[in-house]
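Going down the list, the sequences are from chains R and D. In terms of this note's numbering, the first sequence is numbered consecutively and its last residue is 301. In terms of this note's numbering, the second sequence is numbered consecutively and its last residue is 387.
Worth flagging that the hints you see were computed from the coordinates, not collected in a lab.
In silico contact screen, one side only, chain D against chain R (beta carbon under 7 Å); selected entries:
# : residue
1 : PHE124
2 : ALA195
3 : ILE228
4 : LYS323
5 : ASP326
6 : ASP355
7 : VAL369
Pairwise CB distance ranges (calculated):
#  : chain 1 : residue 1 : chain 2 : residue 2 : range
8  : R       : LEU68     : D       : ARG191    : 23 to 31 Å
9  : R       : GLY200    : D       : TRP87     : 19 to 27 Å
10 : R       : LEU68     : D       : VAL76     : 44 to 52 Å
11 : R       : GLN82     : D       : PHE157    : 41 to 49 Å
12 : D       : PHE238    : R       : SER61     : 13 to 21 Å
On a predicted model such as this, the values are computed, not experimentally measured, just so you know. Don't be surprised by glycine CBs; every beta carbon is placed ideally from N, CA and C.
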Amino acid sequence: MTASAQPIEGSRVARVAAWRPSFVRSLPLRLAVLAICALWTLPTLGLLVTSIRNPLNITTSGWWTALLHPFEPNQWTLSNYQTVMASDGMGNAFINSLIVTLPSTVIPITIAAFAAYAFAWVPFRGRGILFTIVVGLLVVPIQMSLIPILQIYSAGNLYGSFLGIWLAHTGFGLPLAIFLLYNFISQLPRDLFESAAIDGASHLQAFTRIVLPLSVPALGAFAIFQFLWVWNDLLVALVFLGPGAEVRVLPTALFQLIGSRGGSWHLLTAGAFITMVVPLVVFLLLQRAFVRGILAGSVKS
Amino acid sequence: MAVARNANPGLSRFVLPIAGLIGLGLCGAGILVLLDRQGGPHLLASIYDLLGNGAGATALRDGSGDQVIAKILLAVIALAVGVGGIWLLFLGVGSLVSLLRPRWRDRILPWLFVGPALLLLAIFLVYPAAGTILRSFADDHGQFTLRNYAVMTESDFTQILRNNAFWLIVGTGGSVVLGLIFAGLFDRIRRESLAKTIVFLPLAISLVGASVIWGLVYAWQPAGQPQIGLLNAIVVGFGGEPIPWLNTSPINVFAEIVIMVWLQTGFAMVVLSAAIKGVSGEIIEAARLDGGSERQIFLRVIVPMIRGSIITVATTIAIVTIKIFDIVYVTTGGRFNDDVVANRMFHEIFQFFDDGRGAALATLLFVAVLPVMYINLSNFRRQQRGA
Numbered sequence: 001m002t003a004s005a006q007p008i009e010g011s012r013v014a015r016v017a018a019w020r021p022s023f024v025r026s027l028p029l030r031l032a033v034l035a036i037c038a039l040w041t042l043p044t045l046g047l048l049v050t051s052i053r054n055p056l057n058i059t060t061s062g063w064w065t066a067l068l069h070p071f072e073p074n075q076w077t078l079s080n081y082q083t084v085m086a087s088d089g090m091g092n093a094f095i096n097s098l099i100v101t102l103p104s105t106v107i108p109i110t111i112a113a114f115a116a117y118a119f120a121w122v123p124f125r126g127r128g129i130l131f132t133i134v135v136g137l138l139v140v141p142i143q144m145s146l147i148p149i150l151q152i153y154s155a156g157n158l159y160g161s162f163l164g165i166w167l168a169h170t171g172f173g174l175p176l177a178i179f180l181l182y183n184f185i186s187q188l189p190r191d192l193f194e195s196a197a198i199d200g201a202s203h204l205q206a207f208t209r210i211v212l213p214l215s216v217p218a219l220g221a222f223a224i225f226q227f228l229w230v231w232n233d234l235l236v237a238l239v240f241l242g243p244g245a246e247v248r249v250l251p252t253a254l255f256q257l258i259g260s261r262g263g264s265w266h267l268l269t270a271g272a273f274i275t276m277v278v279p280l281v282v283f284l285l286l287q288r289a290f291v292r293g294i295l296a297g298s299v300k301s
Numbered sequence: 001m002a003v004a005r006n007a008n009p010g011l012s013r014f015v016l017p018i019a020g021l022i023g024l025g026l027c028g029a030g031i032l033v034l035l036d037r038q039g040g041p042h043l044l045a046s047i048y049d050l051l052g053n054g055a056g057a058t059a060l061r062d063g064s065g066d067q068v069i070a071k072i073l074l075a076v077i078a079l080a081v082g083v084g085g086i087w088l089l090f091l092g093v094g095s096l097v098s099l100l101r102p103r104w105r106d107r108i109l110p111w112l113f114v115g116p117a118l119l120l121l122a123i124f125l126v127y128p129a130a131g132t133i134l135r136s137f138a139d140d141h142g143q144f145t146l147r148n149y150a151v152m153t154e155s156d157f158t159q160i161l162r163n164n165a166f167w168l169i170v171g172t173g174g175s176v177v178l179g180l181i182f183a184g185l186f187d188r189i190r191r192e193s194l195a196k197t198i199v200f201l202p203l204a205i206s207l208v209g210a211s212v213i214w215g216l217v218y219a220w221q222p223a224g225q226p227q228i229g230l231l232n233a234i235v236v237g238f239g240g241e242p243i244p245w246l247n248t249s250p251i252n253v254f255a256e257i258v259i260m261v262w263l264q265t266g267f268a269m270v271v272l273s274a275a276i277k278g279v280s281g282e283i284i285e286a287a288r289l290d291g292g293s294e295r296q297i298f299l300r301v302i303v304p305m306i307r308g309s310i311i312t313v314a315t316t317i318a319i320v321t322i323k324i325f326d327i328v329y330v331t332t333g334g335r336f337n338d339d340v341v342a343n344r345m346f347h348e349i350f351q352f353f354d355d356g357r358g359a360a361l362a363t364l365l366f367v368a369v370l371p372v373m374y375i376n377l378s379n380f381r382r383q384q385r386g387a
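If we strip away everything but chain R, and leave its shape as in the complex, we get (with noise of 0.2 Å):
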């Protein structure tokens, strides 16, 4: 990756320099590249505005006309959000959804890497076929899950319990993980497993000394990828989890609460804010990385 940056830099840099327009010519393409920024933030803007206005000003004005006198007084209120966390459950779930996440993301990608591991460097009997099985189930949708994993479930008393939405997230993302990580962990050199094999290391230790060190940068983009998904998940949670408020997590609260409080825009805005902030921070910060693993599911880097 790094080392492929180089010249992909120089050349952009050619290329800029190549074409530099005048600022009279340029003027079309930033007031396009404005006008898009503009259109994709707008929505988000409307919902933080609309998340902290008065409620009593939301249903008889638009929230853009808040920004024309931000200094009115009782203009501005954190009692939405007050009102989301405490009546409406909104705090539980952001607990609960926190609970499913952390073990939802750390258990598949474990499970994977130690299976990436044998897929690519332990020779065992029938390795090809079952890793041809393991890509293959990559085309299974969720949706074809649902009815027997749930009859389990039920049988089982797995559901509704934190351990089963686990281990059906874990089950649910593996394919896709053993698939990435395989893709980066096949393509580590030969010479750092002999000459461990040679040192007397066992499988054991190669993976925990060798491989887990050198891999951080594709298990940390295929934690982010598993993180989001599985907190920004609403068929799984929904189905194995279901709408109890014990158990229920952000996503499913939110849309309870659009079922709830359908024209009380103060608090789905709110609520709406608050599923959305751990993922964005997430996001922003992890940005790179998370770029890094997108590109590395789908093309070559």
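We have chain R already, so just place chain D on it with the hints.
Just chain D now, with coordinates in the frame of chain R:
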């Protein structure tokens, strides 16, 4: 690479397996707490009893008291078991296996590594997929029937298929075309990374959250009342009648697709932008010397060269749009002639309790995804070979 060796191998050989076994035992206890619906409060109550806080313990068992602390205690146990347990499982059992003779060790160890993954895949994907296909061809008594697929001959199903086709074509096409245009435009400005972040950011937002965001944009009030939705405010500002975007067919299908395009364009843009930067500057320079305009160079030189990446992006987004559920389920529930297959499937199972028809619709989704996934994977393999 030298692997560090312990000074006292005789002792440490046994420390790790024993620690692993103790850890596994603790994890088992933790799972029991997690399986108990009232596990958090009960455990905290027991701790309070030990500490001599009888009143607090009774309150907890009655469902009041320090419920928040109980919840956080549960969260800590959940994390310890979920995250630590899986590592103990591999390391503990792994070092136990290492104690065996080399012949046996080498035979068992690979299966320890791939075993958990294969087991989970078998339980959560292979078995259910087979079960769902079989279920779709069976009636409630397990007899073979095709009646479940009769759902596809009902009159409203034509509409569902039409809507899914709109999602597939407009949703995928819109995201890819916009992503390509944005990648090309942003490639020429100085603040490229800022503009990219802005378009990329919605990808972090859940479909439910995005539905609320756009629900506010599409908000509708009767004519004469102040419009609080941005879109209707603009319409009324130009002297038009406010439109209930999400309730009017067929506009509502496209209003929902816009939400998806808003989310997915950033993904398309990032992948295609990386591909564009991979196109050699010399080729572009040569095209420029040949007198090609910037637009010609983009369409006739760059776009054909990044064809592989375009296919990857298009197939990835196509799979998402075929299975689209959340946006329709959250915005309207598919009530206003905007239903799609995945949403209908959900309602068949959880509203009408018709597992057979639900299974038939799931199988339909599976079959629809197959060719797209085939294109995606063979394209990926082609790109890998080209590397």
